[in-house]
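Colleague: Each chain, written out:
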Amino acid sequence: MNELDEIQAFFAQQLRSRRALPNDAAVSEQAQRVVKASGRLSAVERLEIYREQFWLRHTASLAEDFPGVRGIVGQSAWATLVEGYLAAYPPQSFTLRDLGGRFPDHIAGQSVLPQLRLCTDMARLELAYIEIFDAADVPPITPETLSAIPESAWQAARLVIHPALRLLQVEYRVAPLRRQLIEAQSQHQPSQDAHEHAVLAERDPHCLLVFRRDLQLFQERISRGAHALLGALTRRVPLLSACEQAQLEVPDQAAEIAESIGPWFQAWAARGLVTGVEV
Amino acid sequence: MPLDSARSARLGVPDLGVGVGLRVPHYAQIQSQRPPVDFFEIISENFMVEGGKPRDHLARVLESYRVVPHGVSLGIAGPEPLDWEYLKRLKRLLSQVKPPWVSDHFCWCGAGGAHLHDLLPIPFTKQAVTRVVERARAVQDFLELRFALENTASYLCFESSTLSEWEFISEVAERANVGLLFDVNNAYVSAYNHGFDPYEFVEHVPHDRVVQIHLAGHTNLGAYIIDTHRGTVQDPVWDLYRRTIELTGPVSTLLEWDDQIPSLEELLAEAEKARTIRDAALSGKAPASPIRGVPVQGMQTQGTQPGWQQGGPRESAREAPSQ
Chain Z
1 MNELDEIQAF FAQQLRSRRA LPNDAAVSEQ AQRVVKASGR LSAVERLEIY
51 REQFWLRHTA SLAEDFPGVR GIVGQSAWAT LVEGYLAAYP PQSFTLRDLG
101 GRFPDHIAGQ SVLPQLRLCT DMARLELAYI EIFDAADVPP ITPETLSAIP
151 ESAWQAARLV IHPALRLLQV EYRVAPLRRQ LIEAQSQHQP SQDAHEHAVL
201 AERDPHCLLV FRRDLQLFQE RISRGAHALL GALTRRVPLL SACEQAQLEV
251 PDQAAEIAES IGPWFQAWAA RGLVTGVEV
Chain B
1 MPLDSARSAR LGVPDLGVGV GLRVPHYAQI QSQRPPVDFF EIISENFMVE
51 GGKPRDHLAR VLESYRVVPH GVSLGIAGPE PLDWEYLKRL KRLLSQVKPP
101 WVSDHFCWCG AGGAHLHDLL PIPFTKQAVT RVVERARAVQ DFLELRFALE
151 NTASYLCFES STLSEWEFIS EVAERANVGL LFDVNNAYVS AYNHGFDPYE
201 FVEHVPHDRV VQIHLAGHTN LGAYIIDTHR GTVQDPVWDL YRRTIELTGP
251 VSTLLEWDDQ IPSLEELLAE AEKARTIRDA ALSGKAPASP IRGVPVQGMQ
301 TQGTQPGWQQ GGPRESAREA PSQ
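For the protein sequence lines, the chains are Z and B, in the order given. Under my numbering, think of the first position of the first sequence as 1, with each following residue one higher. Under my numbering, think of the first position of the second sequence as 1, with each following residue one higher.
The hints are simulated quantities; they were obtained by calculation from the structure and are not laboratory data. Backbone N, C-alpha and C define an ideal beta-carbon position, used for all residues, glycine too. Incorrect hints may appear among the rest.
What the hints assert, rightly or not - Anything over 10 Å on all C-beta distances counts as not near chain Z; from chain B, calculated: (1) G12; (2) E50; (3) V61; (4) R66; (5) P100; (6) A114; (7) H117; (8) L163; (9) S164; (10) W166; (11) D208; (12) L247; (13) I261; (14) A269; (15) D279.
What the hints assert, rightly or not - If you only want the chain Z side, here are some residues facing chain B, beta carbon under 10 Å, derived: (16) L41; (17) F54; (18) F94; (19) L99; (20) L168; (21) R212; (22) L215; (23) V237; (24) L240; (25) E256.
I would like the entire structure built from these sequences, with the hints used as guidance.
Modeller: Set out below in structure tokens:
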């Protein structure tokens, strides 16, 4: 490692420190060797400016992207949660848009977090919003394309599902809760505690389809059968196999899946969720 | 014009006049009213996405305006090799925008696989010059477009530096044959923080390589100044801008305002102030030279917890979706 790399490695390590650097005698001494003091600030105080900004910037970015999670856990727990996340998953992408990509996974592992499942559901929903917001624009499949597919080809056909679509299974009604929390934040109302939020978001396991059509985000409840089928199709499983997989996954809705596949397909195609068929 | 041709016509880059940063709170008004703006600057990374609203808004702005992308994440001086995936995505954006130049910063952004999303200061050494020259050339060649690097505002300097900042950026610009984006506010902020005369900086950069100028507000905390891009441009920075224009001649000037973003009217009024000063400097009607030297005191700015960010808030999916 050359001198430039060494300086940068030292610098980068200190920026991600969770403790204020001037409180650390060893770091202060190291900083003196690398950084010039100014007439107003010591070397370590100058380095500390950058460390503070690292945390301010990334905390603010996550707060912007996950207002629902922040609203549920409250400010104090939020700071701890974010610190732990950034330590466990240092930012790696060039864009802050990707900063929260592992946030739901991190939250799911925080067993001490009150209302863990509610927080995890909310994080997954909010990550889905982030991901579909600027996913690729792809035109829907046209009626001409559909009608050109021979009847015999359908069973083995693989549907191409729009990239701006996500499927979720949640325990709580997190979507309406999120709206309330954002409204409360915009009106600077004090955040409620986790218990109150849990009451607001009563346990109500359901499946959600979240998608973007044109430039608008939409979400709707779908059945577990539709969720399973759409999930298999998204993984490019051929149509017949996708049906079978969905029926195995949700045996109590096997009949509904068999009966509904036609209407579901028509509805999904009409909404632009199907962008192509590979035969 | 080949990139390596003579430096006439300011490296082949036109003077676009006075522009402002394209920011989310102004999108609707810009699209509905189409106010007169010479050009907009965008933060490249905010539009290096596959689709959705960011790309749609950009397409609409491009129908009526010149747009120049300005990056914040390349990290040209970093310890890791250039990120070619990043550059491919940037090149795709450039194919849509078709700008006369593209810029990023003299900085590094991370180490050890972590991206710290900051414009981190470079030790001004020959070793760093070599690294940045090599990469700046490679970036410009790959993008097939004039590439410019901006001097950053910094809050520390290194014991190992053997060059002044202006010596460093001049040597890189000359050897790599790239342009300079001269940020007047950053020069002032760094001068205050490190105790040098910002006029010395302005006078020693290669003026014919300056393809764009940045102006912005800052926050003076007493012990140091932060380049917050908040508020109006401060008087000493206007003075420094006037001197910069006298030395460079007509150069595209861009006003950045990224924190506590004002109304579009207020932003454009500040840009008009830049135009007035620029026109006066170019016509030789500039007022008497201001006081030079190391900036030792300034009006301490009050406000909320200061932070620095580039480009204001990223457009995001905060709004609740429809049912």
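Colleague: Hint by hint, note whether the structure agrees.
Modeller: Status of each hint after checking the structure:
1. G12: About 28 Å separates G12 of chain B from the closest Cβ of chain Z, which puts it past 10 Å; holds.
2. E50: 4 Å, violated
3. V61: 15 Å, holds
4. R66: 24 Å, holds
5. P100: Correct as stated: the minimum Cβ-Cβ distance to chain Z is 24 Å, above 10 Å.
6. A114: The assertion about A114 of chain B is violated, with a minimum of 4 Å to chain Z.
7. H117: Given that some Cβ of chain Z is not farther than 10 Å from that of H117 of chain B, nearest at about 6 Å, it is violated.
8. L163: The claim holds: L163 of chain B sits with its nearest Cβ about 13 Å from chain Z, beyond 10 Å.
9. S164: 13 Å, holds
10. W166: Holds: least Cβ distance 17 Å, greater than 10 Å.
11. D208: About 29 Å separates D208 of chain B from the closest Cβ of chain Z, which puts it past 10 Å; holds.
12. L247: 28 Å, holds
13. I261: The claim holds: I261 of chain B sits with its nearest Cβ about 14 Å from chain Z, beyond 10 Å.
14. A269: 28 Å, holds
15. D279: 36 Å, holds
16. L41: 6 Å, holds
17. F54: 6 Å, holds
18. F94: Hint holds; F94 of chain Z Cβ to chain B Cβ min 4 Å, cut 10 Å.
19. L99: Since chain B brings a Cβ to about 8 Å from L99 of chain Z, closer than 10 Å, the hint holds.
20. L168: Violated. Min distance 12 Å.
21. R212: Given a least distance of 7 Å, the restraint on R212 of chain Z holds.
22. L215: 5 Å, holds
23. V237: 24 Å, violated
24. L240: Nearest chain B Cβ about 31 Å off; hint violated.
25. E256: 23 Å, violated
Taken one by one, the earlier hints fail for this structure at numbers 2, 6, 7, 20, 23, 24, 25, listed in ascending order.
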